[in-house]
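Engineer: Next come the chains, spelled out residue by residue.
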Amino acid sequence: MAQLEPTALDVRLTPGARRVGRGRLRVPGWLALLVRNPKSRLGLGIVAFMVLIAIISPLIAVAHPNDFNLLAAKQAPSWHHLFGTTDQGSDVFSQVVVGARRSLLLGATAGAMATVVAAVLGITAAYTGGIVDEIINLLTNVFLTIPPIPLLVVVSAYLKARGLMTMAVVIAVVLWAFEARILRGQALSLKSRDFVVASKAAGESTPRIVFGELMPNMISRIAAAFVLVFYVALLVDAGLEFLGLGDMQATSWGVTVYWAQVNSTVLQGEWWPFIFPSLALGITVLGLVLVLAGIDEVSNPRLRTERIERRGRLALLLGGRVLAARTAQRSA
Amino acid sequence: MTSVVEAPVELRPRTETLLELKGLAVEYGRVRAVDGVDLEIRAGEIVGLAGESGCGKSTVANAVMQILRPPARIAGGSILFQGEELTGKAAEELRRYRWRNVSMVFQSAMNALNPVMRVGDQFVDMMRAHERVSKRKAIADAGELLELVGIDARRVRAYPHELSGGMRQRVIIAMALALRPELVILDEPTTALDVVVQREILQQIQELQRKLEFAVLFITHDLSLLLEVAHRIEIMYAGEIVETAPAEKFATAARHPYSRGLLQSFPPLTGPKARLTGIPGAPPDLRDPPSGCRFHPRCPQCDPGNAALYLRQTTERPRLLEIAPGHHVACHLVEEEAR
Amino acid sequence: MSAVAPLEVRNLEKRFPIGGALHHAHVHAVDDVSFVLQPGRITALVGESGSGKTTVARLLARLYDPTAGTVLFEGEDASGLRRRHEILNYRSQVQMIFQDPFGSLNPVKTVRHHLERPLRIHRIVPSGEIRRRVHELLEIVGLVPPEEVAAKYPHELSGGQRQRVAIARVLAVEPKVILADEPTSMLDVSIRIGILNLMLKLKEEHDIAFLYVTHDLASARYIADDLLVMYAGQVVESGPAERVLAEPLHPYTRLLIDAAPDPAALAGKRIEPRKGLAAAAVDPPDACRFLARCPLAVAACSASTPALVEARPGQAARCHVTAPAPSIT
Chain D
0 MAQLEPTALD VRLTPGARRV GRGRLRVPGW LALLVRNPKS RLGLGIVAFM
50 VLIAIISPLI AVAHPNDFNL LAAKQAPSWH HLFGTTDQGS DVFSQVVVGA
100 RRSLLLGATA GAMATVVAAV LGITAAYTGG IVDEIINLLT NVFLTIPPIP
150 LLVVVSAYLK ARGLMTMAVV IAVVLWAFEA RILRGQALSL KSRDFVVASK
200 AAGESTPRIV FGELMPNMIS RIAAAFVLVF YVALLVDAGL EFLGLGDMQA
250 TSWGVTVYWA QVNSTVLQGE WWPFIFPSLA LGITVLGLVL VLAGIDEVSN
300 PRLRTERIER RGRLALLLGG RVLAARTAQR SA
Chain E
0 MTSVVEAPVE LRPRTETLLE LKGLAVEYGR VRAVDGVDLE IRAGEIVGLA
50 GESGCGKSTV ANAVMQILRP PARIAGGSIL FQGEELTGKA AEELRRYRWR
100 NVSMVFQSAM NALNPVMRVG DQFVDMMRAH ERVSKRKAIA DAGELLELVG
150 IDARRVRAYP HELSGGMRQR VIIAMALALR PELVILDEPT TALDVVVQRE
200 ILQQIQELQR KLEFAVLFIT HDLSLLLEVA HRIEIMYAGE IVETAPAEKF
250 ATAARHPYSR GLLQSFPPLT GPKARLTGIP GAPPDLRDPP SGCRFHPRCP
300 QCDPGNAALY LRQTTERPRL LEIAPGHHVA CHLVEEEAR
Chain C
0 MSAVAPLEVR NLEKRFPIGG ALHHAHVHAV DDVSFVLQPG RITALVGESG
50 SGKTTVARLL ARLYDPTAGT VLFEGEDASG LRRRHEILNY RSQVQMIFQD
100 PFGSLNPVKT VRHHLERPLR IHRIVPSGEI RRRVHELLEI VGLVPPEEVA
150 AKYPHELSGG QRQRVAIARV LAVEPKVILA DEPTSMLDVS IRIGILNLML
200 KLKEEHDIAF LYVTHDLASA RYIADDLLVM YAGQVVESGP AERVLAEPLH
250 PYTRLLIDAA PDPAALAGKR IEPRKGLAAA AVDPPDACRF LARCPLAVAA
300 CSASTPALVE ARPGQAARCH VTAPAPSIT
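Going line by line, the protein sequences match chains D, E and C. Numbering of the first sequence is given in numbering that gives the first Met the number 0, commencing with residue 0 and proceeding in unit increments. Numbering of the second sequence is given in numbering that gives the first Met the number 0, commencing with residue 0 and proceeding in unit increments. Numbering of the third sequence is given in numbering that gives the first Met the number 0, commencing with residue 0 and proceeding in unit increments.
Isolated chain D (complex conformation) (with noise of 0.2 Å):
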């Protein structure tokens, strides 16, 4: 009987083990399951529809969207325009769509820099520990118990300047802590997993942990924190706006609402420059919400399916209906 050498390692891969896409185009894992989750699958839709059209907006828009023309004013919407138009003429449609590339450019440009000063800042504190950790905390903290939006009222209204990236800024720097203690907490779950202690262990050095290591593994949280921080922009720009308190000589979706509102529009049965912009608000928003909902259940794993499942099992096993309805209950 051939005995085989003790000393042949040889370990074989194992025949069929097959890798995500084709060829060079490695789609990640993580997003090819947005995609198929119907949820995030209908907001991605929404969300990209509503970038066609912000993308668009020069060439379906006329020229000057606040252009006044008060022979045309009061219009109901018509082929002619498709929204109507204002008390002063102004064609809605052109303003909603207009206001789309507003809305959007301030959404991820607050999105993005709450959520790298998040990350940089809660991921830091948790891996490094001790007094960085202390520090930081105490900054979140306090930016925390500040109320954001009477803070977003009185720096609007003390500010000379409103323009688009005053706001993203305002918007971020009341929101990226509420996020960074979210990804905080998710680091230091992470930062006992031996795949970080072994790369302490080989001597990497914390920046390159931090980014290289725990970073990547976050990447679905990150995205979480910066469409919520998109949506919450959306809404406290629009309703900044709406007070009066934006930036008042810019295309939005709130201005219109604003001047609508201002102007007693509905009241005189003109329903039109109030509902097509906060339509197009809504639906933005609802699109970014699924979006999110769709993260959370795609990356708030099969862990958490997979504790209810066993559980569950547990449950169906001893007696079912009634011990699984309450384990259900319970672990919800």
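Take these hints with a grain of salt, some might be off.
Calculated cross-link-like contacts (lysine-lysine; reagent style DSBU-like; alpha-carbon spacing at most 30 Å) [claimed, not checked]:
hint, chain 1, residue 1, chain 2, residue 2
1, C, K151, D, K190
2, C, K108, C, K151
3, E, K88, E, K21
4, C, K108, D, K199
5, E, K210, E, K248
6, E, K248, E, K272
7, E, K134, E, K210
8, C, K200, E, K272
9, C, K200, C, K108
10, E, K136, E, K210
11, C, K108, D, K190
12, D, K73, C, K200
13, C, K200, D, K199
14, C, K200, C, K151
15, E, K248, E, K21
To be clear about the criterion: a stretch of chain E counts as covered by chain C if any three or more of its residues have a C-beta under 8 Å from a C-beta of chain C, and this derived list gives those stretches [to be verified]:
hint, stretch
16, 192-201
17, 261-270
18, 275-284
Because the hints were derived from the structure by calculation, they are not lab data. Every residue gets a Cβ at the ideal spot worked out from N, C-alpha and C, and that includes glycine.
With chain D's structure known, arrange chains E and C on it following the hints.
Structural biologist: Okay, now just chains E and C, sitting in the frame of chain D:
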């Protein structure tokens, strides 16, 4: 006090068949995790099912318990409990069957205890789901069950995190025995437990089995446990049973190269030291299993030099053949040698 | 090559505070542990969970700082290392393999990344040579063909393969000491021998000093030259592996031997159910920590903690009964 004592003579299993699997096949999507398994467990018998991770042994257990979830489904064959076919039974009947007739201790079950409920309350929930019984009686029964597994009855009031891993596993075993089932399935009951705790759990199981006379299906990747505890051993590889033999014969008379490889994987604690070889390679991907005998890529007996045999090994799936009373092997070489 | 042992531990102690902010109690996770790791020898550290064996390994890997005692690296006190290049040097010489083959690899990085990083950090080979070295390492640990394996992600490999990658990563820096923390306990038994054989090969061909932390006595016997048994943070017995297992001095060692599955002894072994847990001691009194489970206990055992005494040449135990301190006359 620690001492080593010879174990008393084990109870001989009774002869009536309790569970019978005939040609059982289970699929996950298009992957056949279990491919034509025949298995028989007699009343009071301890049957050990051994194999590497991914060979399908846990799937067999889930199928017997009828807790397979989509995309897993039974694709063929039958599961007979006391002569009655289980597949196709109504959900309500299955619910009563589970835990009364067959119960299960699954892998890492000790971590599945509800952390916010006291242990006693979890027992109560379980018992009241099956019988009309007052809470007081249920708690009293729970206390008795804990004593049965060697835990002080007063610990019914404990929360799971207050108990050690070994104690939690005993709680799970107690729960599995609460309704005095005829068959208990243990899926890796001692993995993740320390060696001393493992020994105690095994002893406990043996004692309980002697006292209550239930049958056991003991599933593990650690063959050494089965050699000590089981009456009969079945070896599973890539979804199939490749050998089955009485436990006392197994260590010396196993014929399948995989079984022998497994036996070669245990460094001895006493006796002469020797370099072992284990089993090189890894189990096959069941999406695309090797043709013919599924073990052939890793088999030391598969030699292209022996052309006729090699052809059979790579194209024909071997069948289980009885080479001695109670001893079946699925191997082309063994078949050849038996002629 | 220096004649000084690469790693020596003297009276190592580690306490963890428990009890929330007030910190009113301490767990004595590691207490008075001393041993030497020699090149080309495997020292097994055996015990149950809570015995402190993993903490010892992590102390040696400088993942914790000891509460007391010294770690001598090539004769010099390692706790005095402050400068980055000194610490980096230590880390390149003393490496660790972890228990969980999946957890020790970053799921979003390829095998190649895992092996390249240490090569780059410690500048083992010039950058033009890195690819070749990565393939060499994979071949040493038996993962072939190396180009294919290097491109894989951890989830595409089996448990045994992942552990081999972890070993390759550790080898990349050419360490003098490898601390293996239960490297096989999460692998199937059929795979374990392969990993153990690999460790033997590395010890023989590369003259590496190994610390093998495990709760499995049989595997310790298979590969270890020296054996240390730990209980509740203390070393309770030490000596050549074969001697200790054939003629144990300490009753706990005896218990471990009886509890271990041994297919050769098919007659059922029995041990008495124990009282109390083997967990690490919280603020233990001055007495033998094994008292509650010991069949040999006498009055002296509750009066003072026994010292580690060399009762036979090369074999020491911490027990008043089997290894009493020589009386001072």
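Engineer: Does the structure break any of the earlier hints, and which numbers would those be?
Structural biologist: 12
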